[in-house]
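Asker: Using the sequences and the hints given, assemble the complete structure.
Note that the protein sequences, when read in sequence, are chains F and Y.
If you count the first sequence from 1, you need to add 12 to reach my numbering.
If you count the second sequence from 1, you need to add 12 to reach my numbering.
Misleading hints may appear alongside valid ones.
[Said to hold, decoys possible] Under 7 Å between C-beta atoms, here's a sample of chain Y residues computed to sit facing chain F: (1) Pro-44; (2) Ala-305; (3) Thr-308; (4) Arg-370.
[What the hints assert, rightly or not] Listed below are the simulated DSS-like cross-link pairs for lysine-lysine, each with C-alpha atoms no more than 30 Å apart in a straight line: (5) F:Lys-56 <-> Y:Lys-213; (6) Y:Lys-453 <-> F:Lys-422; (7) Y:Lys-213 <-> F:Lys-51; (8) F:Lys-51 <-> F:Lys-119; (9) F:Lys-56 <-> F:Lys-119; (10) Y:Lys-51 <-> F:Lys-213; (11) F:Lys-51 <-> Y:Lys-422; (12) Y:Lys-51 <-> Y:Lys-119; (13) F:Lys-453 <-> Y:Lys-322; (14) F:Lys-213 <-> Y:Lys-56; (15) F:Lys-322 <-> Y:Lys-213; (16) F:Lys-322 <-> Y:Lys-453; (17) F:Lys-119 <-> F:Lys-67; (18) Y:Lys-453 <-> F:Lys-67; (19) Y:Lys-51 <-> Y:Lys-67; (20) F:Lys-51 <-> F:Lys-67; (21) Y:Lys-119 <-> Y:Lys-213; (22) Y:Lys-322 <-> F:Lys-213.
[Unchecked claim] Ranges between beta-carbon positions, derived for each pair: (23) F:Gly-120 <-> Y:Arg-167: 48 to 54 Å; (24) F:Arg-247 <-> Y:Arg-425: 53 to 59 Å; (25) Y:Arg-425 <-> F:Gly-68: 58 to 64 Å; (26) F:Glu-276 <-> Y:Gly-457: 37 to 43 Å; (27) Y:Gly-392 <-> F:Pro-277: 18 to 24 Å; (28) F:Thr-214 <-> Y:Ile-424: 45 to 51 Å; (29) Y:Pro-204 <-> F:Ile-287: 27 to 33 Å; (30) F:Val-296 <-> Y:Glu-313: 34 to 40 Å; (31) F:Tyr-391 <-> Y:Phe-299: 29 to 35 Å; (32) Y:Thr-353 <-> F:Glu-131: 34 to 40 Å.
To be clear, the hints were calculated from the coordinates, so they are not data collected in a lab.
All C-beta atoms in this analysis are idealised placements derived from N, C-alpha and C, irrespective of residue type, glycine included.
There are 2 protein chains.
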Amino acid sequence: MTAETTDRTLDQDLRDGRLAPASAFLNDLAPPEAAALLKQLPPKLSTIGFRLLSKGLALEVFDDLDADTQADLIGLLGSAEVAVAFEALDPEDRAELLDELPASVAKGLVRTLSPQERELTAVVLGFPRGSLGRRMSPEFIHAFTDDDAAAVLDRVRARGHQVSSIYIVPVLDRSRRLVGVVSLRDLLLAEPSATVDELAKTPIYAHADDDAETTAGRCVDRGISAMPVVDGEDRLVGVLTLDDAIEIVDAARDEDEARAGAREPLRESYLYASIFTITRSRVVWLFVLAVSAILTVNVLEIFEGTLEQKVALALFIPLLTGIGGNTGSQAATTVTRSLATGEVAPRDVGRVAGKEIRVGLTMGTALGAVGFAVASLVYGLDIGTVIGLTIVSVCTMAATVGGMMPLLAKTIRVDPAVFSTPFISTFCDATGLIIYFMIAKTVLGI
Amino acid sequence: MTAETTDRTLDQDLRDGRLAPASAFLNDLAPPEAAALLKQLPPKLSTIGFRLLSKGLALEVFDDLDADTQADLIGLLGSAEVAVAFEALDPEDRAELLDELPASVAKGLVRTLSPQERELTAVVLGFPRGSLGRRMSPEFIHAFTDDDAAAVLDRVRARGHQVSSIYIVPVLDRSRRLVGVVSLRDLLLAEPSATVDELAKTPIYAHADDDAETTAGRCVDRGISAMPVVDGEDRLVGVLTLDDAIEIVDAARDEDEARAGAREPLRESYLYASIFTITRSRVVWLFVLAVSAILTVNVLEIFEGTLEQKVALALFIPLLTGIGGNTGSQAATTVTRSLATGEVAPRDVGRVAGKEIRVGLTMGTALGAVGFAVASLVYGLDIGTVIGLTIVSVCTMAATVGGMMPLLAKTIRVDPAVFSTPFISTFCDATGLIIYFMIAKTVLGI
Chain F
13 MTAETTDRTL DQDLRDGRLA PASAFLNDLA PPEAAALLKQ LPPKLSTIGF
63 RLLSKGLALE VFDDLDADTQ ADLIGLLGSA EVAVAFEALD PEDRAELLDE
113 LPASVAKGLV RTLSPQEREL TAVVLGFPRG SLGRRMSPEF IHAFTDDDAA
163 AVLDRVRARG HQVSSIYIVP VLDRSRRLVG VVSLRDLLLA EPSATVDELA
213 KTPIYAHADD DAETTAGRCV DRGISAMPVV DGEDRLVGVL TLDDAIEIVD
263 AARDEDEARA GAREPLRESY LYASIFTITR SRVVWLFVLA VSAILTVNVL
313 EIFEGTLEQK VALALFIPLL TGIGGNTGSQ AATTVTRSLA TGEVAPRDVG
363 RVAGKEIRVG LTMGTALGAV GFAVASLVYG LDIGTVIGLT IVSVCTMAAT
413 VGGMMPLLAK TIRVDPAVFS TPFISTFCDA TGLIIYFMIA KTVLGI
Chain Y
13 MTAETTDRTL DQDLRDGRLA PASAFLNDLA PPEAAALLKQ LPPKLSTIGF
63 RLLSKGLALE VFDDLDADTQ ADLIGLLGSA EVAVAFEALD PEDRAELLDE
113 LPASVAKGLV RTLSPQEREL TAVVLGFPRG SLGRRMSPEF IHAFTDDDAA
163 AVLDRVRARG HQVSSIYIVP VLDRSRRLVG VVSLRDLLLA EPSATVDELA
213 KTPIYAHADD DAETTAGRCV DRGISAMPVV DGEDRLVGVL TLDDAIEIVD
263 AARDEDEARA GAREPLRESY LYASIFTITR SRVVWLFVLA VSAILTVNVL
313 EIFEGTLEQK VALALFIPLL TGIGGNTGSQ AATTVTRSLA TGEVAPRDVG
363 RVAGKEIRVG LTMGTALGAV GFAVASLVYG LDIGTVIGLT IVSVCTMAAT
413 VGGMMPLLAK TIRVDPAVFS TPFISTFCDA TGLIIYFMIA KTVLGI
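Answerer: And the structure:
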């Protein structure tokens, strides 16, 4: 029984109380790796694992955990342990954690902070949720245009311990307005007497009241290791680090992906989440979709007479709704992605509609021709004509609706992902059935 | 007509030949911002825009472009311009670009390189596509355990111009094996006489033949600014920078997202892509799905007799296939995501199946109870029973199949996203219909 602990056996070792090998394993990991493993465990096991960490490592690991796991740990650790870990967090991570905690716990924790850390936390908490100000680091090193490289490097050495990012230094004019950035690399490689003015580059920056998700996306997309954040008067108030930006973008994409798959994101590890938790993340959506799908029953009821006269029409219902649903979701996911990257904006509604109508018509014609040929051979020319015409119409309708929905969602300020794939399928199902039976009635004369 | 050029008017200005304001606008941007704008334009316009950049800026912007846009530009720029930009690229970006170019063009370009750059490029090209070695930077600064901080900083100053990453320095023992990492921050903040041995931390590293996507995901997830890459003997051969890791992860997620929406990723900006290009990215998938949906027609044909006896059964077809499709895609997207983050592996197939059967059964029972009640009230107890039982069975089947499919795909080494949502919908449609009519025949006795 001296098997070594590994990634895959950590949970079993913690569960069975084999603490010595688990401790040796965990304390040998780099902090982000230890955090990644603990984050996947159920709260009770991650608390045991966390307690096995050496003091210094524990603080770093706590900092590397996401706010959900931190909140779980806080509920299970002793208050002295919690106070130390809380004081060591960056202010922006502290603000995020506070949002996850019950108000009474949050209040108690803030009271344990040193006055300086409390003040920094207050700066971040002063910005509304969802804004960049709430996620930026309010601690930074800055340089003035007339500083020389040596002086800035000295400041980095003196204050580097306290700030999140030292690799990009914002450059300010004498009224503290942001005028540029200088990288630590350029400072190090330059002559010590070179002035910041010579080394500074055009900054990519953002405003504290900008949307955190959009700005984080820009930061990650451009690979900016730290983006200066300014207030309404262009005065520097913080920096968004690439680490934090990645976290924001990942959380947003997880949510979008979940919504596109008709569920809520799971905050716990899938394998350890209870059946109840997983069911809860899905059942509401499934229910909403099922209720809206009752629309299709109503539509079919209208055409029950037609169906009774020609039962063969029923055979093609799943095929046609499937084509509509897939075409709609193709268009919706394309436009949702382009919205997310900023390529497309709601004002482009005309251009998107124009494109999707033509794409839908092109695909519909190709697929409809095949449908017409196959169905005519097997079921006769009249059914073939109905199927061919329906495919052309359904593809055009579904592509257009699928392309418009995300823009509509964005305009009325709903998360485009919520509105997209599942709802489009249901909507296209009902509309497609109406088109199908109208065409059938006309062509077949019933 | 002295309107200033902005993000939104750049394309119009380039199209209409208003080059002076466009040039002023572009040259005032930070390189990543200029690259992001040019990347969205059609190739001809981005070439015009690129030519407006000052020489120094042009090289930086070229480096910030993705390989697709670089390949487009290379086709349109003069060979002297191309040779300069190509020489200035990082070796790993150069290897990626070469993969995008026709073999003859690629060969010609490699011939223009200086011997040193050609050798570095050969190192990267020596690793197979998709491996980490192909995407790592083969240029790095390293430290030995017995170096002192001042000596390493001197080396950074001397060689910092040539390497992609100076913020994390890999630490080697005397046989050049990786034993740790030291951050530039710690080197700067330490006493100049401190040895690297005292400052080094446990490295998070990877092997050159590891999968590039998986490793990049780990790098981004952990927020590692540069991850050392070693060969089979643990000797350092390169570093993966966070920038490159983000690029790899983004490309992979775009592809997954596209596949989940039943299309191929669009390599160009949506608004500028031609109808032909957009149609091509979708039509093959739509066609494959439509062909597999013919299965549903066949299934329904088997039950045509049952349908003729009870046409009301047709009313519920889209509702029931919709519930199945949504349940399946909920399970599939959850498991696909957990596979991507490494939480779940194909060996967990039993646990996933166990979870999904129970989740499907729970949701099916809740939704089936409602379905039974509503359908009984409107269509009578017999139809109500059929609908209720079908919903329970379809939910359980769809959740299980949806959860298994991504694991199956991973096992047979197909991209799980390809296999997931669209195919699951089609499969669940056909299977759901069989379940539905079997239950109907039994309950209704027809």
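Asker: Would you mind marking each hint as holding or not holding in the structure?
Answerer: Hints versus structure:
| no. | hint | in the structure |
| --- | --- | --- |
| 1 | Pro-44 | holds (4 Å) |
| 2 | Ala-305 | holds (4 Å) |
| 3 | Thr-308 | holds (4 Å) |
| 4 | Arg-370 | holds (5 Å) |
| 5 | F:Lys-56 <-> Y:Lys-213 | holds (29 Å) |
| 6 | Y:Lys-453 <-> F:Lys-422 | violated (47 Å) |
| 7 | Y:Lys-213 <-> F:Lys-51 | holds (22 Å) |
| 8 | F:Lys-51 <-> F:Lys-119 | holds (25 Å) |
| 9 | F:Lys-56 <-> F:Lys-119 | holds (24 Å) |
| 10 | Y:Lys-51 <-> F:Lys-213 | holds (22 Å) |
| 11 | F:Lys-51 <-> Y:Lys-422 | holds (24 Å) |
| 12 | Y:Lys-51 <-> Y:Lys-119 | holds (25 Å) |
| 13 | F:Lys-453 <-> Y:Lys-322 | holds (21 Å) |
| 14 | F:Lys-213 <-> Y:Lys-56 | holds (29 Å) |
| 15 | F:Lys-322 <-> Y:Lys-213 | violated (75 Å) |
| 16 | F:Lys-322 <-> Y:Lys-453 | holds (21 Å) |
| 17 | F:Lys-119 <-> F:Lys-67 | holds (25 Å) |
| 18 | Y:Lys-453 <-> F:Lys-67 | violated (67 Å) |
| 19 | Y:Lys-51 <-> Y:Lys-67 | holds (18 Å) |
| 20 | F:Lys-51 <-> F:Lys-67 | holds (18 Å) |
| 21 | Y:Lys-119 <-> Y:Lys-213 | violated (42 Å) |
| 22 | Y:Lys-322 <-> F:Lys-213 | violated (75 Å) |
| 23 | F:Gly-120 <-> Y:Arg-167: 48 to 54 Å | holds (49 Å) |
| 24 | F:Arg-247 <-> Y:Arg-425: 53 to 59 Å | holds (54 Å) |
| 25 | Y:Arg-425 <-> F:Gly-68: 58 to 64 Å | violated (42 Å) |
| 26 | F:Glu-276 <-> Y:Gly-457: 37 to 43 Å | holds (42 Å) |
| 27 | Y:Gly-392 <-> F:Pro-277: 18 to 24 Å | violated (41 Å) |
| 28 | F:Thr-214 <-> Y:Ile-424: 45 to 51 Å | holds (50 Å) |
| 29 | Y:Pro-204 <-> F:Ile-287: 27 to 33 Å | violated (59 Å) |
| 30 | F:Val-296 <-> Y:Glu-313: 34 to 40 Å | holds (36 Å) |
| 31 | F:Tyr-391 <-> Y:Phe-299: 29 to 35 Å | violated (20 Å) |
| 32 | Y:Thr-353 <-> F:Glu-131: 34 to 40 Å | holds (37 Å) |
Violated hints, listed in ascending order, are 6, 15, 18, 21, 22, 25, 27, 29 and 31; each of the other numbered hints is respected by the structure.
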